[in-house]
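A.B. asks: Sequence:
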Amino acid sequence: MLEKNGNWSEDNANISGRLKSLGHQVKYSSFSSGLALIQWHKGNWHGAADPRREGTAVSLQAEENP
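Under UniProt numbering, residues 1 to 66 are what the sequence shown spells out, in order.
Rather than coming from a laboratory, the hints here were simulated on the basis of the structure. Accuracy of the hints is not assured; some may be wrong.
[Said to hold, decoys possible] Here are the simulated SDA-like pairs of lysine to any residue, each with C-alpha atoms no more than 20 Å apart in a straight line:
| hint | residue 1 | residue 2 |
| --- | --- | --- |
| 1 | Lys27 | Ala49 |
| 2 | Lys27 | Ala57 |
| 3 | Lys27 | Leu37 |
| 4 | Lys20 | Lys42 |
| 5 | Lys27 | Gly47 |
| 6 | Lys20 | Gln39 |
[Claimed, not checked] Distance ranges between label pairs, derived from CB positions:
| hint | residue 1 | residue 2 | range |
| --- | --- | --- | --- |
| 7 | Gly55 | Val26 | 14 to 22 Å |
| 8 | Gly17 | Ile38 | 12 to 20 Å |
| 9 | Asn14 | Glu54 | 14 to 22 Å |
| 10 | Val26 | Ala48 | 15 to 23 Å |
| 11 | Pro51 | Ser21 | 16 to 24 Å |
The beta carbon of each residue, even a glycine, is placed where N, CA and C say it ideally should be.
I would like the entire structure built from these sequences, with the hints used as guidance.
C.D. replies: So, in structure tokens, the structure goes:
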């Protein structure tokens, strides 16, 4: 989800509501860096993590499109 100018956009609020309805836990926090992202692309999940922070990202082969 994308945060701009210190506020979540309406689109992101809709996304977080949809994620919650699917059973995902959504956490809101303020931060200046340390991003972690995932993307579904061509049958795979792809991840990225800010290398300046703890953690890592991996890409996994999925059984089906989520």
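A.B. asks: Which hint numbers doesn't this structure obey?
C.D. replies: Structure breaks hints 4, 9, 11.
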